[in-house]
Each structure stands twice: as structure tokens, then as C-alpha cells.
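Protein chains in written order, with this note's numbering: chain E, 1 to 134; chain C, 1 to 134.
Simulated from the structure, these hints should not be mistaken for laboratory data.
Hints may contain errors.
Said to hold, decoys possible - Estimated spans, in silico, between C-beta atoms of each pair:
no., chain 1, residue 1, chain 2, residue 2, range
1, C, LEU30, E, PRO13, 32 to 42 Å
2, C, ASP60, E, THR107, 41 to 51 Å
3, C, GLY73, E, ASP85, 26 to 36 Å
4, C, ARG67, E, ASP85, 38 to 48 Å
5, C, LEU30, E, LYS106, 25 to 35 Å
6, E, ASP103, C, ARG108, 38 to 48 Å
7, C, ASP24, E, LYS106, 39 to 49 Å
8, C, GLU70, E, ASN29, 30 to 40 Å
9, C, ARG108, E, HIS119, 29 to 39 Å
Ideal Cβ positions, reconstructed from N, Cα and C, are used throughout, including at glycine.
Spelled out from the first residue to the last, the chains are:
Number of protein chains: 2
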Amino acid sequence: MTHNINHLAIVVPNLDEALHFWRDALGLNLARTEENPDEKVNIAFVEAGSSHIELLQPTDPESGIARYMEKRGAGMHHVCIEVEDIEATMQRLREHNIELINDTPKTRPTDQIRYAFIHPRSTNGVLVELYELP
Amino acid sequence: MTHNINHLAIVVPNLDEALHFWRDALGLNLARTEENPDEKVNIAFVEAGSSHIELLQPTDPESGIARYMEKRGAGMHHVCIEVEDIEATMQRLREHNIELINDTPKTRPTDQIRYAFIHPRSTNGVLVELYELP
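Use the sequences and the hints to build the structure in full.
Rendered as C-alpha cells:
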């Protein structure tokens with residue numbers, strides 16, 4: 001599906017408490033949890049149709065995501081949109097004077113997904129991630 | 001699809017400027033626009049896979065949505081999740097001590113969608129809407 005919402009990321013103080021709502025009360029399936037020591041977050045992915053809700057719990061108060069939560073409060077953090085060709089998309093964004101956080105796509109070693117972030121200054125305050133699936 | 005993200009709503013100061021990003025630069029299709037004088041917003045729906053991005057521009061500075069934007073800034077406002085049986089879902093939420101904004105589902109006269117909102121106090125600051133499609 002074109003431009004599928006791959007995931008909506010939500011920063012939370014506590015994964016168990018967040019899963020009480022999303023899984024136990026609302027009834028979404030927990031797909032998996034993972035620890036990401038590089039980004040200093042623990043993550044739970046719950047299934048929402050062809051998308052996931054990605055719950056992010058900071059594990060280090062000095063990390064970027066912890067400081068975001070300290071400043072803005074818990075809540076929606078970013079939305080990730082799938083694109084067919086991330087480099088062509090980034091080129092078109094630049095031509096429309098949209099500011100990118102990453103100059104070139106990064107590649108996740110675990111699953112070969114290529115990704116890049118768009119700056120919230122260009123999107124009315126919404127941090128948008130792009131995914132090109134392998 | 002179970003628990004599909006029906007839409008992600010984003011409050012913006014100006015629809016044309018928001019469409020410059022979502023439609024012209026990122027390439028999402030504009031599905032439709034509508035004026036909602038009751039809620040005092042103009043709305044543009046852009047397609048994102050099986051979901052929509054719902055762009056909300058307040059039309060009256062005294063409205064709830066305008067005051068939200070004044071206080072919190074532009075950005076993601078709520079996420080809407082589709083459920084099979086909204087009353088059963090609301091009952092299960094209550095049993096898990098989740099606070100609802102609406103005691104009973106409302107029905108939109110235009111399309112017969114039944115909907116209700118969950119209070120952000122119970123969801124780490126995320127305003128969640130439920131849809132039961134007709």
C-alpha cells in the first residue's frame with residue numbers, strides 16, 4: 001500500500017503501564033518487545049492493522065528521547081511513512097524546500113530498512129520518519 | 001483489518017501550507033477537503049495506505065482546537081483506531097479503569113460512523129478516538 005503508516009511512535013514513562021492500555025484494555029496484539037541500548041530505549045510494538053504502535057520507554061534520563069519527554073511530556077513522538085524510493089522522495093522534499101534531518105538515508109543493520117527523518121520545522125511540528133522497506 | 005489506524009489527525013495553522021508538505025512534496029494523494037462549521041475547522045484528508053492523515057485547520061480562535069494549538073503548538077492531535085464493537089470496547093476500557101470522554105458512542109449523521117474519545121489522562125497523553133464503521 002502506497003505511503004502506509006509503518007508505525008506511530010509514542011514516548012511513555014513505563015512500558016507495562018502503556019501495555020495495560022494498548023494491549024490489555026484496548027485489545028491490540030503485542031507483536032514484540034526489544035531493548036535498544038544504542039538509542040537508550042526499550043520498545044514494545046503493538047499491532048494496529050497494517051501499522052504498528054511503537055511504544056518507547058527511555059532508559060537513560062540523559063538521552064534525547066528522555067529529554068524530549070521531560071520537556072514535552074509523554075505522548076505521540078513521530079509518525080513513520082513507507083515510501084517506494086527513499087532517495088527520490090528525499091530529492092523531491094529538498095526541491096520543495098523541506099528540511100531533512102538526515103542528508104542521506106541510513107540503513108538498519110538488523111533488517112536492512114533504509115530510513116531518514118524530516119525536520120519538524122518543515123511539517124508543522126510533526127517529526128516524520130521515512131522507511132524504504134527492503 | 002483489526003484495529004486499523006483510521007486516521008492520524010494533525011492540527012495546522014494553514015491547510016495550503018500543510019498540503020505543500022504532505023501532498024506536493026511527500027506525494028500523498030489528497031482524498032478530499034471539507035468544511036466543518038460545527039467543529040470550527042476546515043479539514044483535508046490525505047491518503048496513507050489504509051489510513052488517512054487528517055489535517056485540521058481551526059477557523060475560529062475561540063474553538064477548542066484553536067485553543068489546543070495556541071497552547072501546545074501545531075502537531076499531532078489524535079489517533080483514531082477502528083474497533084469491531086465500540087460498546088464492548090468501551091466496556092472493557094472501563095473495566096480496566098481507563099477514563100472515557102464520551103459515556104456512550106456518538107453517531108455521525110453523514111456516514112453513520114459511531115465514535116468515542118478516550119481521555120489522554122489514561123493513555124500517556126495521547127488523545128485516542130475509537131471508530132466503529134457501519
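Hints versus structure:
A beta carbon spacing of about 37 Å between C:LEU30 and E:PRO13 agrees with the range 32 to 42 Å that was offered as a hint. At about 47 Å, the CB distance of C:ASP60 to E:THR107 agrees with the hint of 41 to 51 Å. About 32 Å separates the C-beta atoms of C:GLY73 and E:ASP85, a value consistent with the hinted range of 26 to 36 Å. Between C:ARG67 and E:ASP85 the beta carbons are some 41 Å apart, a value that agrees with the proposed interval 38 to 48 Å.
Checked against the hint of 25 to 35 Å, the C-beta distance between C:LEU30 and E:LYS106 comes to roughly 30 Å, which is consistent with it. Taken as a hint, the range 38 to 48 Å holds for the pair E:ASP103 and C:ARG108, whose Cβ atoms sit roughly 44 Å apart. Taking 39 to 49 Å as the suggested C-beta distance range, the pair C:ASP24 and E:LYS106 does not conform, at roughly 25 Å. Our hint of 30 to 40 Å for C:GLU70 and E:ASN29 holds, since their Cβ atoms are close to 38 Å apart.
One distance hint, 29 to 39 Å for the beta-carbon pair C:ARG108 and E:HIS119, holds here, with the actual separation near 35 Å.
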